[in-house]
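Line by line, the protein sequences are chains P and E.
With this note's numbering applied, the first sequence corresponds to residues 1 to 255, in that order.
With this note's numbering applied, the second sequence corresponds to residues 1001 to 1409, in that order.
Hints listed in this document are in silico derivations from the structure and should not be mistaken for laboratory results.
Ideal Cβ positions, reconstructed from N, Cα and C, are used throughout, including at glycine.
Hints may be right or wrong, so weigh each one.
Claimed, not checked - In the DMTMM-like style, the derived pairs of lysine to aspartate or glutamate whose C-alpha atoms are separated by at most 20 Å in a straight line are:
#1 E:Lys1203 <-> E:Asp1109
#2 P:Lys87 <-> P:Glu69
#3 E:Lys1191 <-> E:Asp1109
#4 E:Lys1091 <-> E:Glu1315
#5 P:Lys122 <-> P:Asp97
#6 E:Lys1091 <-> E:Asp1107
#7 E:Lys1174 <-> P:Glu168
#8 E:Lys1170 <-> P:Asp146
#9 P:Lys164 <-> P:Asp225
#10 E:Lys1200 <-> E:Glu1228
#11 E:Lys1174 <-> P:Glu139
#12 P:Lys164 <-> P:Glu174
#13 P:Lys45 <-> P:Glu75
#14 P:Lys87 <-> E:Glu1228
#15 P:Lys193 <-> P:Glu139
#16 P:Lys142 <-> P:Asp97
#17 P:Lys46 <-> P:Glu75
#18 E:Lys1203 <-> E:Asp1216
#19 P:Lys122 <-> E:Asp1171
#20 P:Lys147 <-> P:Glu174
#21 E:Lys1091 <-> P:Asp97
#22 P:Lys148 <-> E:Asp1171
#23 E:Lys1174 <-> E:Asp1107
#24 P:Lys147 <-> E:Asp1171
#25 E:Lys1009 <-> E:Glu1311
#26 E:Lys1077 <-> E:Asp1171
#27 P:Lys122 <-> E:Glu1259
As the list claims (entries may be wrong) - Non-contacting residues of chain P with respect to chain E, defined by C-beta distances greater than 12 Å in every case (computed):
#28 Arg61
#29 Ala171
#30 Thr177
So you can see what is in the structure, the chains are spelled out below.
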Amino acid sequence: MLKSFSMKMFVFALLVGTVLSGSHSVNAASLSRAQQSLQQASADKKMTFIMFFNKDDSTTRAMYKSLGEETSQIENATVVAVNVNDKAESELVSRFDASRLPLPAVVAVAPNGAVSGVFPRKLRAGQIANAVVSPIQAECIKALQDKKIVLLCAQPDSGAYVPKGVQEFQAQPEFSTRTHIVNVRASDPVEAKFLKLFNVPNSVSRPVTVFMAPPGKLLGVYKTDVSSKTLTQTIVAAGECCSDPNCKHRKKNRK
Amino acid sequence: MKPYSLILKELWQRPTPMLTSLVAVTLGVTALVAIQNITVYSEQKIASDMDALGANVLVLPPSVSLQNYYSADMHGKTMPETYVTQLALAKLPGVQNLAPKLCVEADVDSIPVVLTGILPRSEFESKAAWQGMSMLTNSVGSDRGCCATGITGGDEDEDPASLATKRSIKDLGKDEVILGSEIATQLGTQKGDKITLLEKEFKVLTVLPETGTIDDGRLFAHLHTVQELAGTGPVVNVIEIMACCEDAAGDLIGSLSKELPDTRVITISQVVETQVAVNGLMSRLSWLFFSILLLVGAASIASVMYSNVSERRKEIGTLMALGASPAFVTNLFLGKATILGFVGGLGGFLLGTVLAYILGPQLLDVAVQPMPQLCLIGIGVATLVAVVASYLPARRAAGLDPCLVFNDA
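Can you build the whole structure from these sequences, using the hints too?
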């Protein structure tokens, strides 16, 4: 009975999706159904879970059902089903390279557009909940996905400042456009889970700097004021300095 | 007269019987040296080839049988590219890097070429960056087991020529192509030039150094570009997997088969195991030949020495009548045996090394160098066998009574 109901719901969702995307194809300038959902979720500060599929089979139905169950326990979550063969959604399919994903697959998208998880074929318990990211975490992920160097400064409740070394690092011409500084209060309960990843205590007396490089390398956590020289040496050693073969840091490193 | 002069005189005056024994000893050592030499260098070549390959696990379509590692993508069968993404997202322990490939035929200026689609690591990294904060580990593998850290960057890693040795590349543009050394020479093309492939213009990113493999005759472009131009859709011929250590690779095979049940997963060790088995057989056979030929040599030496003692009874009796002690007589025979063993061992080593030097490149494509340790083994064992085989005849000679010898005469 339940299975039959969930199947009907799934077919209904697909039909609605197809009809909506069909109506959008009339107006080429407008966004597709899924894109609209993403845009709306972003405006509402909601997580979006896009389920890409290519055929209506038992695996797809089971995944859709699991996704519905998991997201029902999460506040501020939107679910969108997208058929990768739907021409109206080709832009979205291309953006997430969904035609090359093992399908069905769920892609978790934060309100700022950061992708916080990809789950192919089958959802395991807790995966969807773990893909829900805090605002600062989403900001860091987005910056890394945009190939930027991230310097996360976990600040004390009073006397917050961006360490001089961090400022000097960002001021260097090689890094100025590629560096993204993010400030967060170390005691912020919303960010506690995120900061715990780096063992940042929730009570700090001076800023703790977390140094990350794209696509997702943790280069260091500095609990005292870090110098620009240390940051530069660290990123050069990690091979993430810059793509310019004539970069002075790379040349120096080669010697 | 000194014993040394007596021995040399004896060898000089009656060379034929001794030569027969010498040939048997020499052939035994020759067989050992030649086969061991080729085997050792063949094993070294296999080990260095495996290091150079980088990838040590191959994922192939199920119906493919693999004859040659370097042509693992030349079978014409395909499998979905989604398998690559599936492996990248699975973050299996032991996986350090993935290198999917798709081969298509094309031509440049009417010259037929093999165009191979490859996926740069940046593609996996961008997929890994979709994994939320779990991306702060290896791009494609897991932080479990021996792959504690991912592939580090560095200038060498970013060099496109690293494709020749590491089988993967960090970045490759959609309109860039990398040329093998042989095809670059054939086309008269160098870095920075433009060539047209499947009606698309490509810029030559680099020319790879010579590898001595069929990769020298290939062109490499971005996998997705090749798929698009050849109209194959998102498929690949093979996925090469660089596993970060043997332990992980051992467990990895099971994990890979479970993750991709519709594929054939094989390790490079499986590919080369036939050659390794042949090497092992050759090594064992060399010791067998060595033992048999040395036994023949020992029997021959013993026989020659016994007949020598019988023939030289008068001379031995005369020596002893003139005051030669039994130990002196024993040393004469053992000295002769020592010289025979030494010369046989040295001759066998030289002959075996020359044979290996000639046959190694011809039979197994292996360049061979002399192995001094085999010289010591050959000379040592040959001398020991010759001395042991001569011991009883020497004792018999030393036990002769001069009076009886002259009475017999």
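Check the hint pairing Lys122 (chain P) with Glu1259 (chain E) against an upper bound of 20 Å on the C-alpha distance. 12 Å, holds
Taking only the CA atoms, is the gap from Lys1009 (chain E) to Glu1311 (chain E) under or equal to 20 Å? 15 Å, holds
Taking only the CA atoms, is the gap from Lys46 (chain P) to Glu75 (chain P) under or equal to 20 Å? Measuring from Cα to Cα gives roughly 8 Å; hence the hint holds.
Is it true that the CA of Lys87 (chain P) sits at most 20 Å from the CA of Glu1228 (chain E)? Distance of about 18 Å is within 20 Å: holds.
Need the status of pair Lys1170 (chain E), Asp146 (chain P): alpha-carbon distance at most 20 Å? Given pair Lys1170 (chain E), Asp146 (chain P) holds - Cα atoms ~17 Å apart, limit 20 Å.
Does the alpha-carbon distance linking Lys142 (chain P) and Asp97 (chain P) stay inside the 20 Å limit? Given that 20 Å is the threshold and the Cα spacing comes to 17 Å, the pair holds.
With the threshold set at 20 Å, check whether the alpha-carbon distance from Lys193 (chain P) to Glu139 (chain P) stays at or below it. At roughly 15 Å apart (the allowed maximum being 20 Å), Glu139 (chain P) and Lys193 (chain P) satisfy the hint.
Would the hint linking Lys147 (chain P) and Glu174 (chain P) be met if the CA-CA limit is 20 Å? 14 Å, holds
Decide if the proposed pair is consistent with the structure: Lys1174 (chain E) and Glu168 (chain P), CA atoms, cutoff 20 Å inclusive. Since the Cα atoms of Lys1174 (chain E) and Glu168 (chain P) sit roughly 36 Å apart, the hinted pair is violated (cutoff 20 Å).
Between the alpha carbons of Lys1191 (chain E) and Asp1109 (chain E), is the straight-line distance 20 Å or under? 18 Å, holds
Does Asp1171 (chain E) lie within 20 Å of Lys122 (chain P) when you go C-alpha to C-alpha? At roughly 31 Å apart (the allowed maximum being 20 Å), Asp1171 (chain E) and Lys122 (chain P) break the hint.
For Thr177 (chain P), which was marked as not at the interface, is the minimum beta-carbon distance to chain E over 12 Å? At roughly 19 Å from the nearest Cβ of chain E, Thr177 (chain P) sits farther out than 12 Å, so the non-interface label holds.
The structure is inconsistent with the numbered hints 2, 4, 6, 7, 11, 19 and 26, although it conforms to all the rest.
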